[in-house]
Amino acid sequence: MSVPLVTARGLVKRFGDFVAVDGIDFEIAAGEAFGFLGPNGAGKTSTMRMIAATSPLDGGELRVLGLDPAAEGSAIRARIGVVPQEDNLDMELTVAENLYIYGRYFDLPRRVIRRRIDELLDFAQLAERRDARVESLSGGMKRRLTIARGLMNDPELVLLDEPTTGLDPQARHALWDRLYRLKRRGVTLIITTHYMDEAEQLCDRLVVMDRGRIVAEGSPRDLIARYSTPEVVELRFRPEVDVGAPSRFADMAQRVEILPDRVLLYTGDADATVAKVEPMEELLDGFLVRRATLEDVFLHLTGRSLVD
Amino acid sequence: MTGLVARILPAGARGSRRARYLVERNLLVAKTFWPTIASGFFEPVFYLFAVGIGIGRLAGEVTGPGGLPVPYEAFVAPAMLASSAMNGAVFETTHNVFFKLRYGKIYDAILATPMQPADVAVGEITWSLLRGGVYGAAFLLVMAARGLITSPWGLLAFPAALLIGFAFSAVGMAAASFMRSWQDLDVVNLVTLPLFLFSATFYPLDVYPPALRALARLSPLYHGAELARALTLGVIDAGLWVHVGFLVAMGGVGSVVAARRLERLLLR
Amino acid sequence: MATPLALRVVEAEARVYRRVWKGSVVTSFLNPVLYLLAMGVGLGSLVDRNLPDGVAGVGYLAFLAPGLLAATAMQTGAAEGAWKVMAGFKWRKTYQAVLATPVTIEALVLGVLTWAGVRVLMVTMVFAAVVVVFGVTSPVGALAAVLPAMLVGLATAAPVAGFTIRVDHDAGLTNLFRFGIVPMFLFSGTFFPVSQLPELLRPVAFAVPLFHGVEMARWAALGLAPAVSPVASVAYLLAWTVGGTWWAIRGFRRRLWR
Chain S
1381 MSVPLVTARG LVKRFGDFVA VDGIDFEIAA GEAFGFLGPN GAGKTSTMRM IAATSPLDGG
1441 ELRVLGLDPA AEGSAIRARI GVVPQEDNLD MELTVAENLY IYGRYFDLPR RVIRRRIDEL
1501 LDFAQLAERR DARVESLSGG MKRRLTIARG LMNDPELVLL DEPTTGLDPQ ARHALWDRLY
1561 RLKRRGVTLI ITTHYMDEAE QLCDRLVVMD RGRIVAEGSP RDLIARYSTP EVVELRFRPE
1621 VDVGAPSRFA DMAQRVEILP DRVLLYTGDA DATVAKVEPM EELLDGFLVR RATLEDVFLH
1681 LTGRSLVD
Chain W
7 MTGLVARILP AGARGSRRAR YLVERNLLVA KTFWPTIASG FFEPVFYLFA VGIGIGRLAG
67 EVTGPGGLPV PYEAFVAPAM LASSAMNGAV FETTHNVFFK LRYGKIYDAI LATPMQPADV
127 AVGEITWSLL RGGVYGAAFL LVMAARGLIT SPWGLLAFPA ALLIGFAFSA VGMAAASFMR
187 SWQDLDVVNL VTLPLFLFSA TFYPLDVYPP ALRALARLSP LYHGAELARA LTLGVIDAGL
247 WVHVGFLVAM GGVGSVVAAR RLERLLLR
Chain V
874 MATPLALRVV EAEARVYRRV WKGSVVTSFL NPVLYLLAMG VGLGSLVDRN LPDGVAGVGY
934 LAFLAPGLLA ATAMQTGAAE GAWKVMAGFK WRKTYQAVLA TPVTIEALVL GVLTWAGVRV
994 LMVTMVFAAV VVVFGVTSPV GALAAVLPAM LVGLATAAPV AGFTIRVDHD AGLTNLFRFG
1054 IVPMFLFSGT FFPVSQLPEL LRPVAFAVPL FHGVEMARWA ALGLAPAVSP VASVAYLLAW
1114 TVGGTWWAIR GFRRRLWR
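Protein chains in written order, with the numbering used here: chain S, 1381 to 1688; chain W, 7 to 274; chain V, 874 to 1131.
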């Protein structure tokens, strides 16, 4: 394995008494797409900000591109791209001007900036909106512009904090497509998300975070294999029915989760499970069989849903 | 009078009882900022002191209403009352309404209920008047304490301040409905600043050459300042009705335009 | 050679300004014209009639113009340090975007305050030109008055930026203007000599940066002997600028580096 781009040992972040990141370890290799998956408040953004050298550590060690963020923050930031959770574009400027000014913060020569703007506007599918005011852009366009802005310095490492939160499905897919292209070019991506489908789509490897700690690590497929059965049968009971205790379902599946609105039966053999469910059919509004996802992994590890 | 109002105002603006819900809403918001709102009273008072201890002693006595000489402070104080009524009303109805209209999207949520655009217009103007009325009353008390109100007619300066506030609120509201960006708000300052400086606020009109005097008489703040000054100094004549008429007309036209414009902007 | 980090911030601010300059140019030109006409000429005619020997030995327009020049510098500096900074860290969050680049917090603050100085310079230069047109002083005198005004602008912008970064809501700024900037504007010798202030308040006026700027601007433009030695005034204003900058950097670090 090559030298890791990012190494963290016992990383801690506190805000007053609140421990946002509680001693986590991870390594991110060059060229991989690495994900932090977890619900809101899990400590993902705090971790990202420490990697981006925009937030001091309260404990542990961190090396980014072989450098110490406390001492060489400026040098680190010169080589990475950051896409924050909230678009902080300059609303008074046009699309191209936003990129221009950002390029100047990196001290890129004007000639280089002009070329990068052309390339990145094509990449972000914003070439026609070049001279539009940022205010007039749609949410998806603003997001793509923020990503383009994060690429102005041709970074080796790009940090994306919740890249598609708040976007409609079409805009999300358009964005994922752009991120794929980056990955193919060999850019290392670090992504936080609370969407399991996003993690499954984009990440080679991820850690699952909960309450400031890492609770599992692996590729999406590994994690599902390790912490879930391949298939899940979801039952929806009629509102007036009392679902009862998990033991009621014990012989139907390997594991049972009772959620407020449904019951999940984890099974290696969905056909057999469905056959056992059939006798209670009149109690049900319906049921479905699906493949296990990272959501199931998260539920298994923490006993809670990712998005509440 | 009511019949006339009924004919002028657009259908929704009549008997707009729901407007008070908007006032209530603004009051709730104001509760969290009340120290800031309360402190707004100090600004005109600072100006008044600057005039009283400073500029007043430089300027001596000036020609007041009816050609009588009055101390400079007594001349300027009622104009301060009028200008602060204007500034408060204009700020409340341009900056705040513009923000709610374009950024806060507050009216969009309000209009998803039985509230009508005219309720919003009437509500905002009423709110602006309530706020201005409190400042006006407080300022008049300070004036009285400094001995700047020399006649019982001075009591009527309070409704006069409300009238000035009404006229400027209505026009400010109408203006806000035409604004597109924050830069347009700068234009508001470009209008109110000359009004503040040149409407017989700091010196009598006879300082001007005759052509400029005629121009200054077109300023609504001139009418407000002259009205307030005549009342606090107790120089009453029938000519005051001209000032009252001017301000009433201005407020009426502004209200109609504001209600119509809001209807068009919000019910698209 | 690499561009200094703070200058990159200044360049960005200048770019943004290119978008909005029209409105601000009109304002920075009309403000002095209107104020000098209304207060200097209009009110001045009353004052000059009342005091034939003038105020401090000069006509009211001449007395007022250099003081107002310095006061305008203060207001410009305050606006740059207040609303601009609040937009940067709170409303638009552009500071957070800047700090994700090689730019450091110190460089950001220095850049923001340098730009504030540029803005003060622009506004006071226009003001000085208007003062010359009003016939108050020679072009050289007006230019000389710009220097102390610049210092007042910086001595205001820096501590105001330090204050702004520490408040959470723009109500804090409203109160800063209401109880800080406006009273200083009115009582620092701009409109009338501070000797007219009540005895108790006179020492307070001497503590206000604007007072020193007004005295020096009047000295530069009209040759009126200042109440405080200009060397001491310059040192005092520099102390406000440097101290304010240091305080602002600390505040920026506390707010944005966490």
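Simulated from the structure, these hints should not be mistaken for lab results. Hints may be right or wrong, so weigh each one.
The list that follows gives simulated cross-link-like pairs (lysine-lysine, DSS-like), each with its CA atoms no further than 27 angstroms apart [said to hold, decoys possible]: (1) K106/W with K957/V; (2) K963/V with K37/W; (3) K37/W with K895/V; (4) K895/V with K957/V; (5) K106/W with K895/V; (6) K111/W with K957/V; (7) K963/V with K106/W; (8) K966/V with K895/V; (9) K111/W with K966/V; (10) K1522/S with K957/V; (11) K966/V with K106/W; (12) K1522/S with K1563/S; (13) K111/W with K1656/S; (14) K963/V with K895/V; (15) K106/W with K37/W; (16) K1522/S with K37/W; (17) K111/W with K37/W; (18) K966/V with K1522/S; (19) K1522/S with K963/V.
Tested hints:
1. K106/W with K957/V: The hint holds at about 21 angstroms.
2. K963/V with K37/W: holds (23 angstroms)
3. K37/W with K895/V: violated (38 angstroms)
4. K895/V with K957/V: holds (17 angstroms)
5. K106/W with K895/V: Holds, at roughly 25 angstroms.
6. K111/W with K957/V: Distance of about 23 angstroms is within 27 angstroms: holds.
7. K963/V with K106/W: holds (18 angstroms)
8. K966/V with K895/V: Since the Cα atoms of K966/V and K895/V sit roughly 24 angstroms apart, the hinted pair holds (cutoff 27 angstroms).
9. K111/W with K966/V: holds (21 angstroms)
10. K1522/S with K957/V: It holds: about 22 angstroms lies between the C-alpha atoms, which stays within 27 angstroms.
11. K966/V with K106/W: The given pair, whose Cα atoms are some 21 angstroms apart, holds under the 27 angstroms limit.
12. K1522/S with K1563/S: Measuring from Cα to Cα gives roughly 21 angstroms; hence the hint holds.
13. K111/W with K1656/S: It is violated: about 53 angstroms lies between the C-alpha atoms, which goes past 27 angstroms.
14. K963/V with K895/V: Distance of about 25 angstroms is within 27 angstroms: holds.
15. K106/W with K37/W: holds (18 angstroms)
16. K1522/S with K37/W: violated (36 angstroms)
17. K111/W with K37/W: holds (21 angstroms)
18. K966/V with K1522/S: Holds: K966/V and K1522/S sit about 15 angstroms apart, inside 27 angstroms.
19. K1522/S with K963/V: holds (19 angstroms)
Violation of the numbered hints given earlier is confined to hints 3, 13, 16; the remaining hints are satisfied by the structure.
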